[in-house]
Amino acid sequence: MSNKAIIWDYDGTLVDTRVKNFEVTKRLMHRLLGARSGEFPALRRLDQYVQATRTAENWRALYRNEFGMTEGEIDEAGR
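Note that the sequence shown covers residues 1 to 79 in the numbering used here.
Think of the hints as simulated: they come from the structure by calculation, not from any bench. Note that the structure is a prediction, hence the values are computed from the model and not measured.
Now the in silico label distances, taken between C-beta atoms and shown as ranges:
1) GLU39 - LYS4: 33 to 41 Å
2) ARG27 - ILE6: 16 to 24 Å
3) VAL24 - ASN3: 12 to 20 Å
4) GLY72 - GLU23: 23 to 31 Å
5) THR70 - LYS4: 30 to 38 Å
6) VAL19 - ASP75: 22 to 30 Å
7) SER2 - LEU46: 32 to 40 Å
8) GLU57 - ARG27: 17 to 25 Å
9) ASN3 - ARG44: 32 to 40 Å
10) ALA61 - SER2: 27 to 35 Å
All residues carry an ideal CB built from backbone N, CA and C; glycine is no exception.
All chains should be modelled from the sequences, with the hints used to inform the complete structure.
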């Protein structure tokens, strides 16, 4: 059986995924940018990450505004 769709609950409306998303984002930034979590305020603590996600329009805006990623880097992150 193949997947027809994937639901990504970015804002935690369906399930509280803040901790998991925080950890995934830290690992992703390390993989893509070689960055350690302490280099970005939004990745130092969970409460800072939550605040950053609340002010971002979507995940692309979060990556652009908080982590200084280019559109190409953001596209790569989405793959």
